[in-house]
Each structure stands twice: as C-alpha cells, then as structure tokens.
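Here the working numbering is used: the first residue of the sequence shown is 1, the next is one more, and so on.
Some clues are possibly wrong.
Unchecked claim - With a straight-line cut-off of 25 Å between C-alpha atoms, the simulated DSS-like cross-links for lysine-lysine are:
#, residue 1, residue 2
1, Lys46, Lys29
2, Lys152, Lys19
3, Lys69, Lys29
4, Lys80, Lys46
5, Lys80, Lys69
6, Lys46, Lys13
7, Lys152, Lys80
Claimed, not checked - Beta-carbon label-pair distances, calculated as ranges:
#, residue 1, residue 2, range
8, His121, Asp33, 24 to 30 Å
9, Thr32, Arg58, 39 to 45 Å
10, Ala22, Glu76, 26 to 32 Å
11, Arg147, Ala30, 16 to 22 Å
12, Thr66, Tyr155, 29 to 35 Å
13, Leu59, Pro156, 34 to 40 Å
14, Glu31, Glu56, 33 to 39 Å
15, Ala50, Lys29, 28 to 34 Å
16, Arg36, Arg58, 31 to 37 Å
17, Lys19, Ile49, 36 to 42 Å
18, Ala18, Leu45, 18 to 24 Å
If you are wondering where the hints come from, they were derived from the structure by calculation, not from laboratory data. These numbers come from a predicted model, not from an experiment. Glycine included, every Cβ here is placed at the ideal spot set by N, Cα and C.
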Amino acid sequence: MQFIDQAPAYKRKSITFAKAVAQGRARVKAETDADRLAVCFRPDLKTAIAFDMDIEDRLDFNALSTSEKADLLIDELLPKFCHPDLLPLTGRSAWHVRFVIDGTVERTLRFDDRGLHDVSHEDAWPEIEIETDILTLLAMLRAEIARFHMTKPRYPEVPRVQDGEEVMDEDVTGW
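Sequences and hints are given; from them, build the entire structure.
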C-alpha cells in the first residue's frame, strides 16, 4: 500500500473542490441551498501568506497530527476567511459545517453573526458535511485561495435592515 503523500494524485499541491469530488478524494453531503454559504467565504491571499509565515516561525506544521492541523486551521485561519456581515445574503442566521478528515477526525463548525466557532461537542446537524483527507483539504484550500486571488470578486452589498425589522430564518430559529 502506498502512503497517501507518495501516491501520484497527491503530488499536486492544489485541487479544486469539484475535481476532488470527481476524483473521489472528497465526498460532500449538503442541503440544496448550501452553495449560498460561499458568499461569506473570502480567502484572501495576504491573510493566508501571513498565517503561513506565522506558523512557519512557530512550529513544524508537517510534524503535527491531523487533529492538530485541523484545530490550527479552525482556530487561526478559517475565521479570518469567514465574514459574518455577509450572512444575511445566505438567507440563514446560522450554518453548520462538519469536516470528517482522514476518517477519524471530526470537527463541526457553526458560522453565525459572531463568526466561526467549533461546536464539535454539541449535537448540531450540519447543512454541509465534507469528508476528505488532510492533504486534499489543504489542496482544496490552496485552490480556493488562488481562485479568489485571481478573480478578486467585489465585496457584496448587504441590504440594510430597516429600524425595528429583524432578519430571521424560521428554519434555523424555529420561530
């Protein structure tokens, strides 16, 4: 059996989400409207480079376990890419995303108006579940950072809420 990082498919350091799914390197389960969450994910290249340089100065990322790598990304990088002010554009007040990494590491994240939070200890039902290995997860993240950098999408305008008006999604709040 080949080690995962020696397999030919893993020589590339970047792969799009669609290609990873098509090649069987990632599986996704998602509700039909889950693609709306993408508007809140803005993976800025400068932020990614700063994170990379900081990590390089502090520790050996490759020596970390999958669990430690996942926690580092969740705690220090992904929150900088997620923009809660754009949440109203998704039609929901909160989203849950579960990552299953290397078949053994599970992390459930809640994205709401306060930002991104690890809620793995709660029994939250995810709207999106992504199952992959750590190398593919990192490669998909690199591809998305590159795509974002090359396309430089404008920052979306969020409709202003009138005084006294609340924007709530009944499916999420139960009201």
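Going through the hints against the structure:
At most 25 Å may separate the alpha-carbon atoms for a hinted pair to count; Lys46 and Lys29 exceed this at roughly 31 Å. Note on Lys152 and Lys19: the hinted pairing holds, with a Cα-Cα distance of about 21 Å set against a maximum of 25 Å. Of the supplied pair hints, the one linking Lys69 and Lys29 holds, its CA atoms being roughly 23 Å apart against a limit of 25 Å. Distance check on the hinted pair: Lys80 and Lys46 sit about 11 Å apart at the alpha-carbon level, within 25 Å; holds.
Between Lys80 and Lys69 the CA atoms are separated by roughly 16 Å; this keeps the pair inside 25 Å, and the hint holds. About 18 Å separates the Cα atoms of Lys46 and Lys13, which keeps this hinted pair within 25 Å; it holds. Annotation: proposed proximity of Lys152 to Lys80 holds, straight-line Cα distance about 17 Å (limit 25 Å). Our hint of 24 to 30 Å for His121 and Asp33 holds, since their Cβ atoms are close to 26 Å apart.
For Thr32 and Arg58, the hinted distance range of 39 to 45 Å is satisfied, since their beta carbons lie about 41 Å from each other. Separation of Ala22 from Glu76 is about 30 Å and conforms to the stated range, judged on CB atoms against 26 to 32 Å. Between Arg147 and Ala30 the beta carbons are some 19 Å apart, a value that agrees with the proposed interval 16 to 22 Å. Restraint check, Thr66 to Tyr155: a C-beta distance of roughly 33 Å satisfies the suggested window 29 to 35 Å.
Between Leu59 and Pro156 the beta carbons are some 35 Å apart, a value that agrees with the proposed interval 34 to 40 Å. At about 37 Å, the beta-carbon gap between Glu31 and Glu56 stays in the expected band of 33 to 39 Å. Between Ala50 and Lys29 the Cβ separation comes to about 33 Å, which falls inside the hinted range of 28 to 34 Å. Between Arg36 and Arg58 the beta carbons are some 35 Å apart, a value that agrees with the proposed interval 31 to 37 Å.
Taking 36 to 42 Å as the suggested C-beta distance range, the pair Lys19 and Ile49 does not conform, at roughly 24 Å. The supplied range of 18 to 24 Å is met by Ala18 and Leu45, whose beta-carbon atoms lie about 21 Å from each other.
This entry does not satisfy hints 1 and 17, going by the numbered hints stated previously.
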